[in-house]
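Required output: the full structure, derived from the provided sequences and hints.
2 protein chains.
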Amino acid sequence: MSRDSKPDCGRRYREVRQRGFSDRASVEAATAWVDAHGSTAAAEEVRVTEAAGRVLATPVQAKLNLPPFDSANTDGYALRSGETVGAGDYNPLLFSIQSADQPLSSTASALVSAGMPLPEGADTVLPFEASRVNGSTLEVYRAVAEGAGVERKGRQIAAGTTLLDSGRIVRPQDAGLLACAGVERLMVVRRPRVRIVVAGPKPNLNVPIPDADGPMLSALITRDSGLIESVVSRVEERDAIRRAVAAPGADVILVAGRTGTGPDDEAPLALAETGELAIHGIALRPGGSAGMGLAAGVPVLLLPGEPFACFCTYELFAGRLIRRIGGRAPELPHAVREAEVRRKIVSVVGVVDLCPVRFVDGDVEPVGSVESGLASAVRADGFVLIPAPLEGFAPGARVSVYLYEKAPGS
Amino acid sequence: MSRDSKPDCGRRYREVRQRGFSDRASVEAATAWVDAHGSTAAAEEVRVTEAAGRVLATPVQAKLNLPPFDSANTDGYALRSGETVGAGDYNPLLFSIQSADQPLSSTASALVSAGMPLPEGADTVLPFEASRVNGSTLEVYRAVAEGAGVERKGRQIAAGTTLLDSGRIVRPQDAGLLACAGVERLMVVRRPRVRIVVAGPKPNLNVPIPDADGPMLSALITRDSGLIESVVSRVEERDAIRRAVAAPGADVILVAGRTGTGPDDEAPLALAETGELAIHGIALRPGGSAGMGLAAGVPVLLLPGEPFACFCTYELFAGRLIRRIGGRAPELPHAVREAEVRRKIVSVVGVVDLCPVRFVDGDVEPVGSVESGLASAVRADGFVLIPAPLEGFAPGARVSVYLYEKAPGS
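Protein chains in written order, with this note's numbering: chain A, 1 to 410; chain B, 1 to 410.
Certain hints may be false.
Chain copies aren't distinguished; within one or between two, either way the pair holds.
Unchecked claim - Using 35 Å as the maximum straight-line C-alpha spacing, the simulated DSBU-like pairs for lysine-lysine come out as follows:
1. K344 with K153
2. K63 with K153
3. K63 with K344
Honestly, the hints are just simulated from the structure, not real lab data.
Listed below in structure tokens is the structure:
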């Protein structure tokens, strides 16, 4: 099949090569497609020691009481409160000292540490300050109330209580509490397996261009808690892209490169021939040649090869899909800060613009332009999205800034 | 050596077992000790594909120009701008079509894709809309200016330029830019190797208590980009703690448990005998029995075994130490949100209190109490620190809340 002939299959592929896009899907439509094709992955079992950062697939119940028995909540001497009645500074009462392993004898005491079980028969723990050891005898200088210094079995957590709901991202303290409560294994959402297919370089290129998209996408996928299923590097022809997209094993496939209007931009054709090309061309800048579709039921996102456009389309579409499949909040993961525009932010009417910005004295100004490429996203503190109907933001406008890092002092 | 005899060595150890603490170091003094003993680890070389999230140990310079050659920044036909003078809708000029691999012949054009090098002799790229292919001839309908559609070599980045400064945490887009600029390897701060020593359980305990501190500390260390060097589980006696603390291989050692006033709370003695116990007892609640010192020059933090106290002392001291050694900002890593107190937050004068809080209608209220233990930190949205001089915060007070998760809608 020659390059210039119409594709003979390519369901829904509309020719753009050497022509340009006649229309593009809105960012909203592309987002809706992502949302419709990102169902949460199945659950898998992990040990509590590996659970931090994972998303619970089912609620988790306590298996043990916490504390698991009536226990000392302070260091001191366990004894019977009733036997301390009448004790005072001028009237020490005398107790024998025995091991905490044995049931408590009459007028006996046993040394316990916080967290230890009370010996059978004890109902209180006397702090050290209220007693003195005299040889093998404990002198008690204060009456104590039943239950003082004691934490009742199950007070913090009763066995069977639901500790965490499904959807919770397990925090470090959660892992600790689950371990306390006797939970050894739990069900979490399987991490999405993401395949990266780097399409290109352009075949008649003499000068080697290092691949930027592979390392960048790997880092982004890792940030979004995806697993890199495989990286297929530098596939050049339509058939090779087709094979890379058709192979089983991934929950999401990202193809970077060969999405545009050049003669060899065959990634959309490869997808259309393998499965279904649902969208090609999105009203987004940069990233207008991005696309999406399905191959054997697996969502495939076509990201432009130009690194800044690849980055922006990952952020708006691929990250959202991966977070959805991973059971996480689909929204952009960046912290957001409201700020005032200091220097005009220019945009094009009819497309959503992603504009890297930096803070100057608490206000924001644009960094570089679409033409300065990925370097502008590197120099920026974050980015602003300019809705399609607007031609930009004038100085003084209030905007939401998606931050690349926690803002200084926030 | 019997339990009740005075320690025969234990430099700087002051007896607290079965007595209680007579005084405690301030949180400020403990923080200052951490800051004085957390020097940044040495650098190591990593590949750019493994660099995301790491801290740069040295500035990074571009090795290549970006773009590496004069290149098309749009898809279209490369040609000589001078030869298009006079072209118009009613006056198409005719160009031959040749390969972009060869130097451009007179009145010739070559199909190029965005990112491709221009053929020798070409100085502009004509977009498809301004031309039509007619057999082997290109009809040109518009004059184009020199440089239009062209991105000059080095425009985004000139070789030798410093791209990123030392101390930068490498972002996904940074990894992409570094790869573009021909950087294959770079120097980053070595991740701190952290040993976890779980001291306990109390020896005369019949009922097994699962270890909560190990899984929780592992998750916290991972959050702070430390490496778990080893987990020494459930060492029971002073000699075993000494051996676990003295073994080489770690940059930081965390001992969880056996720090308090019980008869077998020998972790401070073990540290004093191995090296130097600088602080034992900190005016913090929970966590008052924490300590810190050095073993063979390695900072050792003694964290209480009670899980909530272990958690809080990790947050205030251990995390700070690990972040410092890893070359990261030492401050608490949590996002901070200002909020109004809805229900009184109670504290003790003279100690810093860490109080878990939750949001209710945008205001905060305390969750549980010190007695409810780790479960309160699990149920909380974040925490508030109450300075030592205060006895709490009254309703209506403004407080800084350290968030466990990105706040909803922020």
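Please work out whether the CA atoms of K63 and K153 approach to 35 Å or closer within one copy, between two copies, in both situations, or in neither?
Classified as within: same-chain Cα gap 13 Å, cross-chain 65 Å, threshold 35 Å.
Homomeric proximity label, K344 with K153: Cα distance no greater than 35 Å:
Intra 64 Å, inter 28 Å, cutoff 35 Å: inter-copy only.
Status of K344 relative to K63 across identical chains (alpha carbons, at most 35 Å):
Result: close only across copies, 34 Å inter versus 59 Å intra.
Violated hints: none; the structure is consistent with every hint.
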